[in-house]
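Protein chains in written order, with our numbering: chain C, 1 to 240; chain U, 241 to 447; chain E, 448 to 1083.
Derived from the structure by calculation, the hints contain no laboratory data.
A quick note: this is a predicted structure, and the numbers were derived from the prediction, not measured.
Accuracy of the hints is not assured; some may be wrong.
To be verified - Okay, the calculated beta carbon distance ranges per label pair: (1) C:Ile87 x U:Arg367: 50 to 60 Å; (2) C:Gln190 x E:Glu776: 21 to 31 Å; (3) U:Thr336 x E:Thr990: 50 to 60 Å; (4) E:Thr957 x C:Pro150: 35 to 45 Å.
What the hints assert, rightly or not - So the derived list for chain C, only partly shown, Cβ under 10 Å to chain E, looks like this: (5) Phe18; (6) Ile43; (7) Ile54; (8) Gly77; (9) Ser81; (10) Gly126; (11) Asn144; (12) Thr145; (13) Pro149; (14) Leu152; (15) Ser153; (16) Ala224; (17) Phe239; (18) Phe240.
Quick reminder that beta carbons are idealized off the backbone N, C-alpha and C, glycines included.
What follows is each chain in one-letter form.
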Amino acid sequence: MIEQLNQLAEPIGAIVGFVLTLMVLSYIIGDNVLFRLAISIFIGVASGYAAILILYNVIWNQVLVPVYQIFTTGKAGDLLSYVIRVIPAVILGVWMMTKLSPRLARWGTPVLAFLTGVGAATVIAGAVRGTIFPQVQASINILNTQTAPPELSKLVGWFINGLIVLVGTITTLIYFQFGMKRQEEGVPAQRPVVLDYLSTAGQGFIVVTLGVLFAGVYIATLSALIDRVRFLWDVIARFF
Amino acid sequence: MKRILPIANAIIAVASGLLVLLGYFFPGIFGGIQSILIGWAIVIAAFALLFGIFNLAMVHWKKINTEGQNNIYSIVLLISLIITIVVGIFSGPTGTWSLWLFNTFQVPVEVSLLAVLAVVLAYAGVRLLGRRPKWYTILFLATVLLVLLGSVPLFLIGEIAPLSALRSWLSQVPAVAGARGLLLGVALGTVATGIRILIGTDRPYGG
Amino acid sequence: MTEITCPLCGKPNPPDRDVCQFCEAPLKTSGFIASPDDQDIFTQIPTPSSQPDESTEPGDQPESTSSLEQAIPDWLKQTEASFLQPSEPESEEPAPDHISEEIDSLLNLVPTPSDEQKPAIDDEWLASLLAEAGVGELAQETLAAEPLQEAMEAEETGEPGLTSEELSEEEGLLPPAELEKPEWLSDMEASSTIKLEGGMQPSESLHIEAPAEEKAEKKGAEQVEVPEWVGKTSFGEKPPTPKEPETPIVPAEIPGWLEALRPSREEKVSPSKPVEDISAADIVTAGPLVGLRGVISAHPSAIQARKPPTYSIKLRVTEEQHARVQMMEELLAEEQKPKPLPSKPILTYRHIIRLVVAVLLILPIVWMVVSRSQQGPSPQPSNVPGVVEFAQQVQALPAGAPVLIAFDYEPGFSGEMNPAISTVLTQLASKNAYLSLVTTTPSGPALAESLMKNVSAGALAASSAYSNYTDLGFIPGGTMGLLGLAASPRTVLPYSLDGKDVWASEPLNTISSIADFSAVIVITNDPDTARVWIEQVGPHLQTQDRPLLFITSTQAEPLIRPYYQAAPSQVQGMVAGLAGGLAYGGTVGSPGQNGLWEALSISITVSILIILIGSIVSVVFLTLASNKKKEDEERP
């Protein structure tokens, strides 16, 4: 029975996938019941799988299995580590359940405050040492003569490209600066003319970047469309 | 209590953030505390995800109770959620039946959604110049067309070398410049927002 | 016993009550409630004609301890005193209530000025009274004003007395009295007779009295039955002379200014006519002022003691106001109701264009897939930046090296990225690298397992599945989870997804931090996820000079490239999109992708044509529309 079920699983899966693909592609015509049903099924399955993953990966593997391991091995160090690392986290996690109740929601705020503080520190450190310092250093080193090619023809190209990247980076940052100097009363605040032109240049670089991004997204979606058409054809060819 | 709780929340956020930050600068002294706090945050985040899914189920359950059988979407969602959880509990996250559910329902729908997006993006490209075009609109469209032309060999035409070179240059020079500026701007904004949270000025957690 | 009628509310009360049980008005008026001992007063009332000159001496002050005595006007007290002088006990003593009523009637009744006989009688009596009081003689023609003056004096002293109006009213009420008896006495007798019968109400008494008085006036002198106690005293008789000469009243010393105010005898103080003609005014029928005219109504209905009216707090709303309120409520209810969206047509201009675009895109792909034609070569690795470095890094890994692979991409991008992933996994498997699979997205483990099975089944073509890997599972927390993974992977993921302690056995038993892995390969389609990996894990890897490699989508490649092109480089190798995957496959000798590249080629070509033609058409239509608009504006 189970083996028959296993054998039928693959063709049934193909047919179900076929139907679901058509239901979603029907959105090209417009929003309809079939599309919404397919999305509802997708959300249910995705949420259920995420819940299973957390139950296995965190609740079972990190909270419950170590207890069994500690009782079987009897290591005090493991117990101490478990008491320090796991039990407070579980208590805080359960405490956060108060957020589900409108009446008790404010009592769960300290846990969110803890998460926010830790997250803020993490992203600050990562942004500083992972992006700001290396990228600024890269901008400084872009015209580093030590990395220059020896050939003259390539040197010109290297220099121009480097200059464009440097100017583009600086003008892009200028574009995001919206501060203006306070003027006298009645005089509208305006940015200096030089900054205005540089900002426009930065806008141009941003537009080019967004164009490249859009093209990349379009190619990715075309790849998905090709994959679906191939899948549909494979199913049709298999069953019909 | 109304005054104490917001202050306590701010103190908790600032203290925990400072301890984690100090672990970067003084890993020998604060590295252990940083590791413990990060461990707590990971487990709490898992609980948060679990409660989010539970809340989703409750919302749709309430919808079914209020609207009855008229809201078939909520019924379908809850049925698929329950079936997936039951199968996953018995089969495990990487079991055969869990993977079957995943490959049969989740993958086709997600890929199909992206496929529909291709049609929508193409339609958006067609309508781009339908409104009053400005210089950056034309520049944007020109960039898109150049990148597309240089990405693949054109059908019946083949690869056009200048276009490919132009596409490469666009991707490696102006796009990198703009992307670097964007990344630096995002990083600076992230640092500013994080510092505001760590000094208690911003309290996105409420209170 | 006869019930007492309340003079205020007119309701009957028991005779033993002093105050009304309904409105708490005094039932027995002050000054006229004569104790049984004092009832002799009324037997000693002299007739005015009998004692024109005799001065009445103030007799013994009537013994009355009642507080009502204080309300008695002085002139009346003096009158009583004079009556008390040769006091002879009267045989009959009328009941106190009757006495009070009679006293009321006495107060109410005023001799009419029209009666010439009365003034003749009253003048002498009054004159005697006035002489006793030291006021002085008054002219007979002015005696009609005496009652008015006395009333005014009584008013000044605050004593209840007769006002000028009342006096004139009394004058109008009094029937023409006998030559011997004053009218007021006759009336009193009449009223007392009626009240003795017990069926009279104060309100009625006066009405009865009035017609009686009117009849008496009409008939002229008439014999009226006088109560016994009155009858014993004849007004024609002289007042009893005191047995002992009484000490005359010493006139008080009048101050000069008061003396100046005294009207001289030559002055004729003629009584002023009443300011207001009250002859037609209503007669008071109840209360202490019964019989008077022009009195502010003391009818029970006017000043009846009653509870203050309770006003309803209910808002009085008229019909029109009610209708307006209903209209407002309906307007507000309509605002809260979600308005149904207007029904949209099934097919619009936009739907048609979108359908045409979809058909134009899908048809070439279908044709290419169906025909399975492979027209062109795969992309060259040198043309795709990052592929060569990626391949070199993978080639440089030693056999059996622990490699950490992060499956952080969405299932939707599997069509684009699976060729590259499969090729990389195949190459790693061929090097027998120990693969540790992690993910920060919930769908990662399923994707990883599916791909590993496909690689085992298809690419490797091995008899048994590739088993030199472990699935460490899902890391929650995003950025925080990656920081924890970078610092201490075994703390964050103590067991594999299937519950095994993989850190206790080789080769993971040598791993204490992420830098202990030979390489970290991140598979992601999201540029933000890539940035987080670079920021959190990259610094740890750089300390040990470990490569951080990316397999990414075409959409994320522009934002990862700055990290790849940085100096020093933060990303050591990158395979982006379908082109990168095919190019990487070309480096390792992987077979083609079954028409995938050609399908992509034709679809992109068609897309370019669609966008170009569509843009040109849009510009043309826009130009035409703007020209038409300008023409419409220019037209008058």
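Q) Honestly, which of those hints from before does the structure not fit? A) 2, 3, 5, 6, 8, 12, 13, 14, 15, 17, 18
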